[in-house]
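Just need the whole structure built from these sequences, with the hints factored in.
Protein chains: 2
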Amino acid sequence: MDPRAADTPRPPYYCVIFTSRRKKHIEDDYGDASARMLELAAQMPGFLGIESARDPEGIGITVSYWESEEAIKNWREHAEHLVVQRMGRDRFYEWYESRVAKVERATSFRSGGAA
Amino acid sequence: MDPRAADTPRPPYYCVIFTSRRKKHIEDDYGDASARMLELAAQMPGFLGIESARDPEGIGITVSYWESEEAIKNWREHAEHLVVQRMGRDRFYEWYESRVAKVERATSFRSGGAA
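Protein chains in written order, with the numbering used here: chain A, 1 to 115; chain B, 1 to 115.
Careful, some of the hints might be misleading.
Which copy is meant is left open, so a pair is good if it fits within one copy or across any two.
For lysine-lysine, the following DSBU-like pairs were computed, each having C-alpha atoms within a straight-line distance of at most 35 Å [stated by the list, open to error]:
#1 Lys73 - Lys102
#2 Lys73 - Lys24
#3 Lys102 - Lys23
#4 Lys24 - Lys102
None of these hints come from the bench; they were simulated from the model. If you're wondering where the values come from, they're calculated on a predicted model, not measured in any experiment.
Pasting the structure below:
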C-alpha cells in the first residue's frame, strides 16, 4: 500500500475536502504547522486516513477521511487546530474552500506493477 | 475568482474524488488526454466545477463537482471517457482511488489581498 493513499474502509464514511491556494511568500512555519496538524489529526478518534497533493503553483487539495460527522466536528474544534486554522487565514492562504461530504461509493485500482 | 477554485452552489451536490499516482515514465499523450477529459466534463449536463492538483512526486487529486448522482453516472459512462479510463488503467496510473460523495456543507475563505 502506497502511504500516499488512504486505506479507507467500505463506505459510508465522511470526508473533508480542503482546497487552497498558498500565499507566494509563505512563512517558514507553514511546513511545521502542516506536519503537526497531520500528526494531530491521525490521533483523533474516528480518523480514517488522509490524501494530499500540492502543485508547484501553490494549489493544494487535502482530503481527510472520518468515521462520522461527529469526528469531523471534534477535529474542527480541537484547540490546537483552531489556532492553526487562524494562522491559515491570517498568513498561509490566499483562499480556501472546505467541504464536508459523505462518501457513498468507492473503487480502487492497482496496476500490475504497483508495490 | 481564481479559476483553480470551483465556484460551486450551496450544498447539497455531489463530487467525485479521484486520487492517483502517475507512472514515472508517463507517455506523452497523458497531457492531451487529461486536457480533453477536462473539456469534455465541462460540457456534460450537471457539471458544476473541478479542482485539481498534482505534486512533483506524481500524486494527484482531482475533485469534480456535479448536480446529481445521475450526472456522475452519465459522465462515467460517456464513450470517450470510457476509452480514457481504460488508458489510465493500462498506461497512466500506478494506482487510483475514486470516491463518490455527497457534499453536505461548505465554507469559503478569501484573504484581504486575494483577487
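Among the hints numbered above, which are violated by the structure, and what are their numbers in rising order?
Per hint list: zero violations.
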